[in-house]
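> Single-letter residue listing:
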Amino acid sequence: MITIDKVSKHYGNFQVLTDCSTHVNKGEVVVVCGPSGSGKSTLIKCVNGLEPFQQGDIHVNGTSVGAAKTNLSKLRAHVGMVFQHFELFPHMTIRDNLTLAQVKVLKRDKDEAAEKGLYFLDRVGLKAHAHKFPGQLSGGQQQRVAIARALAMDPICMLFDEPTSALDPEMINEVLDVMTELAQEGMTMMCVTHEMGFAKRVAHRVIFMDHGKIVEDDSKEAFFANPRSERAQQFLAKILQH
Amino acid sequence: MEYQWNWGVFLLPSAVNDGTYLDWMIAGLQTTLLLSLSAWVIALLLGAVVGVLRTVPHRGLSGVATAYVEMFRNIPLLVQLFFWYFVLPELLPTAAGDAFKALNPIAQQFIAAMVCLGFFTSARVAEQVRSGINALPRGQKNAGLALGLTLPQTYRHVMLPMAFRLVVPPLTSEFLNVFKNSAVCSTIGLLELAAQGRQLVDYTAQPYESFVAVTVAYLMINVVVMLLMRKVEGLVRVPGYLGGK
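Read top to bottom, the protein sequences are chains A and B. Start counting the first sequence at 1; every next residue gets the next number (UniProt numbering). Start counting the second sequence at 1; every next residue gets the next number (UniProt numbering).
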């Protein structure tokens, strides 16, 4: 579904990603973790072309992200993305947030889009809030709406960029529950997250990054039981103490 | 010698017998309003376009927009006015220049003043629009693009609605400035409010009454603009966001 092939990226002299290669199969859940500044967010943004890269290529469902002739908007329409800071559109109601791209990008008619949007809003447990504005919802609720907004586009895979990092601890679980449910339904997912509990329960594979390189890329069992690199051992020791 | 106050001066018939002096003031007020409002429309439209271009990821376009802004906001308004009125008609292709000069003088003055004030203010509006766009969280643009919207669609539906809301207060100042700057246009002979005030002094030797009246008229315009913009602010307020409810 997603193939990342020797991707490198630099800003001027600063190397952000070095020779990253991995893949995500259909129906697979891959968690990307690593210390801050390791390039994991940059890597996931390269997957739908939000960040350009200089070398290598990424294919999503057979379409090259790096090729100049690729229509990135078309590609992105079917790759759902959820951001750290939710990024709902504050001047629109929840309902309009859910329907905007369906109408403008997929050319669905308004009623159809609303029906679809409300279906997914119901699935994340927020149907009663359709008429509200994002600023009137809690962080956890906003993030669930953001997930519903992505799902309403019928994505072939979902990218999560630290979806729970900006949330209060008590709201993290309501978002992780939605993500777990999605994973169980067989959605292809690539998640940048520090939630190791989520990784242990849901992920099939774990990728560990450090200094712009993919250091480990292994099944979750192997990763948690026996990380090969010293850096990953240190990381896990620190993060799992709590 | 004591100054002879005479508020009745406004009701006297004018020296050239075209109504009262009050009619002069009202005519001036109308010209100021018409000039400023039409210049504001130009400024908003051009300013929005140029402000957006300054933020697009295209070096040529943003360079042209930057040059535009720097040119129009760094040359004194008075110099720009003389350029539009005296110089540009000579630089235009002969046919266009002649067509302009064939218009009646008042129309010539009005068009030059309107275009001048519109372009000058558009550079300032562009800067406000740009600052509004840059003040948005970076993720908003990415969120729009990630949903498959094109960059123009993302500007149109995601970024600009919020950017304009953010800059309503500074745009209010610019809107007020247009009315005040329009007084400069009296220098090319356009009989707007300030010019009528001066003319009244020449004909009646009652400078205090004349300029008190002019001052009050500008003040009234500004109060109306402020109330109007406060209304706009209220209308576009986003619930749960930035002082919204």
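Take the hints with a grain of salt, since some may be wrong.
As the list claims (entries may be wrong) - Taking CB as the label site, the calculated pair distances span:
#1 10/A <-> 107/B: 57 to 67 Å
#2 169/A <-> 231/B: 37 to 47 Å
#3 55/A <-> 63/B: 26 to 36 Å
#4 236/B <-> 67/A: 33 to 43 Å
#5 241/B <-> 170/A: 44 to 54 Å
#6 170/A <-> 67/B: 48 to 58 Å
#7 71/B <-> 186/A: 53 to 63 Å
#8 236/B <-> 226/A: 51 to 61 Å
#9 107/A <-> 231/B: 42 to 52 Å
#10 6/A <-> 96/B: 56 to 66 Å
As the list claims (entries may be wrong) - Listing some non-contacts, in silico: residues in chain A with all C-beta distances to chain B over 10 Å:
#11 11
#12 28
#13 45
#14 74
#15 80
#16 87
#17 101
#18 114
#19 134
#20 153
#21 168
#22 172
#23 174
#24 200
#25 221
Just so you know, these hints were derived from the structure itself, not from any lab. We treat Cβ as the ideally placed atom computed from N, Cα and C, and that holds for glycine.
> Each of the hints needs a verdict: does it hold here or not?
Here is what the structure says about each hint:
A hinted range of 57 to 67 Å for the beta carbons of residue 10/A and residue 107/B is consistent with their spacing of about 59 Å. At about 43 Å, the CB distance of residue 169/A to residue 231/B agrees with the hint of 37 to 47 Å. A hinted range of 26 to 36 Å holds for the C-beta pair residue 55/A and residue 63/B, which are about 28 Å apart. The hint said 33 to 43 Å for the Cβ distance between residue 236/B and residue 67/A, and at roughly 41 Å that hint holds.
In this structure the hint that residue 241/B and residue 170/A lie 44 to 54 Å apart at CB is violated, the actual value being about 23 Å. About 52 Å separates the C-beta atoms of residue 170/A and residue 67/B, a value consistent with the hinted range of 48 to 58 Å. The hinted window of 53 to 63 Å between residue 71/B and residue 186/A holds, with their beta carbons roughly 59 Å apart. For residue 236/B paired with residue 226/A, a C-beta distance near 57 Å keeps the hint of 51 to 61 Å intact.
Take residue 107/A and residue 231/B: their Cβ atoms lie about 36 Å apart, and the range 42 to 52 Å is violated. Here the CB-CB span from residue 6/A to residue 96/B is close to 59 Å, well matched to the stated 56 to 66 Å. Its beta-carbon lying about 15 Å from the closest one in chain B, residue 11/A satisfies the requirement of being farther than 10 Å from that chain. Its beta-carbon lying about 21 Å from the closest one in chain B, residue 28/A satisfies the requirement of being farther than 10 Å from that chain.
Separation of residue 45/A from chain B is inadequate, the least Cβ-Cβ distance of about 8 Å not exceeding the 10 Å criterion. The beta carbon of residue 74/A sits about 7 Å from the closest Cβ of chain B, which is not more than 10 Å, so the claim that it is off the interface is violated. Look at residue 80/A: its CB is around 8 Å from the nearest CB on chain B, not clear of 10 Å, so calling it non-interface is violated. Distance check for residue 87/A against chain B: the nearest CB is about 4 Å away, which does not clear 10 Å, and the non-interface claim fails.
Chain B draws residue 101/A into its interface by the beta-carbon criterion, the shortest separation being 4 Å against a cut-off of 10 Å. The claim that residue 114/A is not at the interface with chain B holds, since no C-beta of that chain comes within 10 Å of its own (minimum 16 Å). Not every CB of chain B lies more than 10 Å from the CB of residue 134/A, the least distance being 7 Å, so the non-interface label is violated. Not every CB of chain B is more than 10 Å from the CB of residue 153/A (nearest about 7 Å), against its label as outside the interface.
With a minimum CB-CB distance of about 17 Å to chain B, residue 168/A clears the 10 Å threshold, and the non-interface call stands. Distance check on residue 172/A: its Cβ is at least 19 Å (rounded) from any Cβ of chain B, clearing the 10 Å threshold; non-interface status holds. Every CB of chain B is more than 10 Å from the CB of residue 174/A (nearest about 19 Å), matching its label as outside the interface. For residue 200/A, the condition that its CB be more than 10 Å from all CB atoms of chain B holds, with the nearest at approximately 28 Å.
Annotated as non-interface, residue 221/A keeps its C-beta farther than 10 Å from every C-beta of chain B; the closest such distance is 32 Å.
Going through the hint list in order, the structure does not satisfy hints 5, 9, 13, 14, 15, 16, 17, 19, 20.
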